[in-house]
Amino acid sequence: MTDVDPVQRLLRTARDDARDESFRVTGVMMQYYVVCKRELWFHSRHIEIDRGNSAIVRGTHIDETAYSDKRRHVSIDSTIAIDVLDDGRVMEVKPSSALVEPAKLQLLYYLWYLKHVVGVEKSGVLAHPTERKREDVELTDETEQKVEDAIRGVHEIIARGSPPPASKKPVCDSCAYHDFCWSC
Amino acid sequence: MDRNYHIFSDGCLERHNDTVRLVTLDDEKKYLPIEKAEAIYLHGQIDYNTRLISFLNKHGTALHIFGWKDYYAGSVMPKRGQTSGRTLVEQVRAYDSPAQRTDIARKFVDGSIHNMRANVSYYNSRGHDFDSELASLDAAGARLTETTAVEEIMGVEATARRAYYSTFDSILPDGFVFNGRRYNPPTNEVNSLISFGNSLVYANVVSGIRATALDPAVSFLHEPGERRYSLALDIADLFKPLLADRVTFRLLNRQQLTPADFETDLNSCLLTEHGRKTFSKAFEETLEQTVEHPRLNRKVSYQYLLRIEAYKLKKHLLTGEEYVPFKRWW
Ligand code: SF4
Numbered sequence: 001m002t003d004v005d006p007v008q009r010l011l012r013t014a015r016d017d018a019r020d021e022s023f024r025v026t027g028v029m030m031q032y033y034v035v036c037k038r039e040l041w042f043h044s045r046h047i048e049i050d051r052g053n054s055a056i057v058r059g060t061h062i063d064e065t066a067y068s069d070k071r072r073h074v075s076i077d078s079t080i081a082i083d084v085l086d087d088g089r090v091m092e093v094k095p096s097s098a099l100v101e102p103a104k105l106q107l108l109y110y111l112w113y114l115k116h117v118v119g120v121e122k123s124g125v126l127a128h129p130t131e132r133k134r135e136d137v138e139l140t141d142e143t144e145q146k147v148e149d150a151i152r153g154v155h156e157i158i159a160r161g162s163p164p165p166a167s168k169k170p171v172c173d174s175c176a177y178h179d180f181c182w183s184c
Numbered sequence: 185m186d187r188n189y190h191i192f193s194d195g196c197l198e199r200h201n202d203t204v205r206l207v208t209l210d211d212e213k214k215y216l217p218i219e220k221a222e223a224i225y226l227h228g229q230i231d232y233n234t235r236l237i238s239f240l241n242k243h244g245t246a247l248h249i250f251g252w253k254d255y256y257a258g259s260v261m262p263k264r265g266q267t268s269g270r271t272l273v274e275q276v277r278a279y280d281s282p283a284q285r286t287d288i289a290r291k292f293v294d295g296s297i298h299n300m301r302a303n304v305s306y307y308n309s310r311g312h313d314f315d316s317e318l319a320s321l322d323a324a325g326a327r328l329t330e331t332t333a334v335e336e337i338m339g340v341e342a343t344a345r346r347a348y349y350s351t352f353d354s355i356l357p358d359g360f361v362f363n364g365r366r367y368n369p370p371t372n373e374v375n376s377l378i379s380f381g382n383s384l385v386y387a388n389v390v391s392g393i394r395a396t397a398l399d400p401a402v403s404f405l406h407e408p409g410e411r412r413y414s415l416a417l418d419i420a421d422l423f424k425p426l427l428a429d430r431v432t433f434r435l436l437n438r439q440q441l442t443p444a445d446f447e448t449d450l451n452s453c454l455l456t457e458h459g460r461k462t463f464s465k466a467f468e469e470t471l472e473q474t475v476e477h478p479r480l481n482r483k484v485s486y487q488y489l490l491r492i493e494a495y496k497l498k499k500h501l502l503t504g505e506e507y508v509p510f511k512r513w514w
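Order-wise, the sequence lines are chains A and B. First residue of the first sequence? That's 1 in my numbering, and the numbers climb one at a time after it. First residue of the second sequence? That's 185 in my numbering, and the numbers climb one at a time after it.
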C-alpha cells in the first residue's frame with residue numbers, strides 16, 4: 001500500500017488511471033459506513049452468511065413503484081447506480097427513518113462522483129415515500145468534505161485485517177450478520 | 185428447511201413431478217415435503233437414481249445413508265450453496281499454523297470436557313456420587329493449558345472421555361452394562377446406542393457445516409482425512425453429551441428401549457429396526473428442543489446450535505476474533 005490519499009486513489013481508479021492498487025466505493029458501502037462499520041468490513045470481504053429461512057436482508061429500495069415520476073436508471077462504471085428524474089435531479093429513496101443518514105450520504109456520494117469523475121454537477125432529492133416528503137440534497141463545501149471524509153473512512157475500515165468489534169444497536173436485529181456477530 | 189426425514193422401510197426413493205416419493209416394497213407411496221427437508225436419512229435398503237440426486241441438489245437437501253453394521257455409511261451432499269475461496273484459504277492457513285491449530289483443537293476439547301461434565305454433574309446431584317470423576321474431568325481440563333501439540337490435546341480428550349464413560353455404568357438402569365467404549369462393531373447395547381447416536385450427531389453436523397463456506401474436510405483436532413468430513417468429527421465431539429448420550433440415558437431409564445430392541449451375535453450388538461426408529465424419533469425431538477440464547481436474545485433449537493458452531497468457527501477464521509466453543513449454559 002502506498003500512502004496516496006484514498007480520495008485520490010478512488011478518483012484514479014474511477015478515471016481508469018490507477019497507478020497503484022485500485023480502490024472502489026459503491027453506494028451500499030457508503031450506507032454501511034454509516035450503519036455499521038463491521039458490516040462494511042464483512043461486505044468488503046464478500047463474507048456471506050446464510051440465515052436460512054429467517055434471513056432478513058435490509059432492502060435499500062423499499063418500493064420502486066412508490067413514485068410516479070419518470071426516472072431513468074443510470075449505471076456508471078458499474079460502481080454507482082442512480083435514478084435521474086426528468087428535471088435532471090438525482091433521486092434516492094429513503095427506506096425508513098432509521099436509514100435517512102445512510103441514504104443521504106449515499107446520495108451525496110453519487111453527486112460527488114458525478115461532479116468529480118463524470119464532470120457534471122447535479123442536485124439531488126431524497127424521497128420519503130411513507131412520509132410523502134422530499135428533501136433537497138446539495139453538494140456544498142461542507143457536504144463534499146463529508147463525502148471525502150467518508151471515503152477515507154471506508155478505506156481505513158476495509159484495509160484492516162480484522163473487523164471493528166461488534167456493538168449492539170437496533171439495526172443488528174434486521175442485519176444478515178446478526179447470528180454471525182452474536183452467537184459468539 | 186431444517187427438518188430431517190428418516191426412512192426405515194426398504195423400497196425406492198424417487199423424484200415424482202416436483203416431489204420426492206417413497207415407494208415401499210409393498211407398493212405403499214409416501215411423499216416427503218422437500219421444501220422443508222434439511223436432510224433425508226436412509227436406514228433401509230433404498231434404491232435411488234441420478235434424477236433424484238439432481239432434484240435433491242436443486243433443493244439443497246442432503247442424503248445421509250445409514251448402513252446396518254456401521255450405522256453411518258456416507259452422505260450425498262448437495263453442491264454447496266456457499267463457496268468462498270477466502271474462507272478455504274483461511275481455514276487451511278489456520279490448520280497449517282501450529283499455534284492456531286492447537287488453539288482451535290484445545291477449544292474443541294475444552295468445550296467437550298465442559299459438556300461431559302454437565303452430564304456427570306446432573307447425575308451427581310441426583311443420587312450418584314461422582315465427585316472423583318468430576319475431579320478427573322477438571323484435572324484433564326486444567327492440563328489442557330499446558331498442551332502444545334495436537335497429540336497431547338488428543339490425549340487429554342481421551343483421558344477425560346474415559347473418566348466420563350466410567351460414570352455410565354452407575355447411571356444406566358439394571359440390566360445394561362457399558363463397561364467402556366467399544367467400537368466397530370459395538371459389543372453391547374449401550375455401545376450400540378452411543379455409536380448410533382454419535383452417527384446421528386455427526387451427520388447433523390455435516391449438514392450444519394454446509395450452511396457455511398467451510399470445507400468439511402479440513403479439521404483441527406482430528407487429522408484431516410480421518411474421515412471424509414473430519415471437521416464434523418471435531419464439532420460433533422462438543423455435542424455428543426448433549427445429544428447422543430442424553431437420549432441414550434433417557435430411553436434406557438424410561439424403558440423405552442429394552443433388550444428386545446437389539447440383535448446380538450457373537451461379537452456385535454446392533455439396534456433392531458424398531459430400536460433405530462425409537463432412537464431416531466427421540467433424537468429428532470431433542471434436536472427440536474429449544475433454549476434461550478443469551479446473546480442472540482431468542483430461543484434457538486439444539487439443531488441450530490450445531491449450525492452456529494460452524495458460523496463461530498468461520499468467524500474466527502475470517503476475523504481472528506476468538507472462537508468460543510459451545511459450552512452448555514443451562
Ligand atoms: S449484527 Fe450488528 S454489529 Fe453485526 S454486522 Fe450487523 S449491524 Fe453490525
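The set of hints was computed from the structure by calculation and includes no laboratory data. Certain hints may be false.
When the alpha-carbon atoms are kept at most 20 Å apart in a straight line, the in silico EDC-like pairs for lysine to aspartate or glutamate are as follows [stated by the list, open to error]:
id, chain 1, residue 1, chain 2, residue 2
1, B, 263, A, 173
2, A, 168, B, 476
3, B, 483, A, 173
Listed next, the stretches of chain B that the computed footprint assigns to chain A, with coverage defined by at least 3 CB atoms under 8 Å from CB atoms of chain A [stated by the list, open to error]:
id, stretch
4, 229-237
5, 474-482
Just so it is clear, the structure is predicted and the values come from calculations on it, not from any experiment. Even glycine gets a Cβ: it sits at the ideal position worked out from N, Cα and C.
Status of each hint after checking the structure:
no., hint, verdict
1, B:263 x A:173, "violated (30 Å)"
2, A:168 x B:476, "holds (18 Å)"
3, B:483 x A:173, "holds (14 Å)"
4, 229-237, "violated (count 0)"
5, 474-482, "holds (count 4)"
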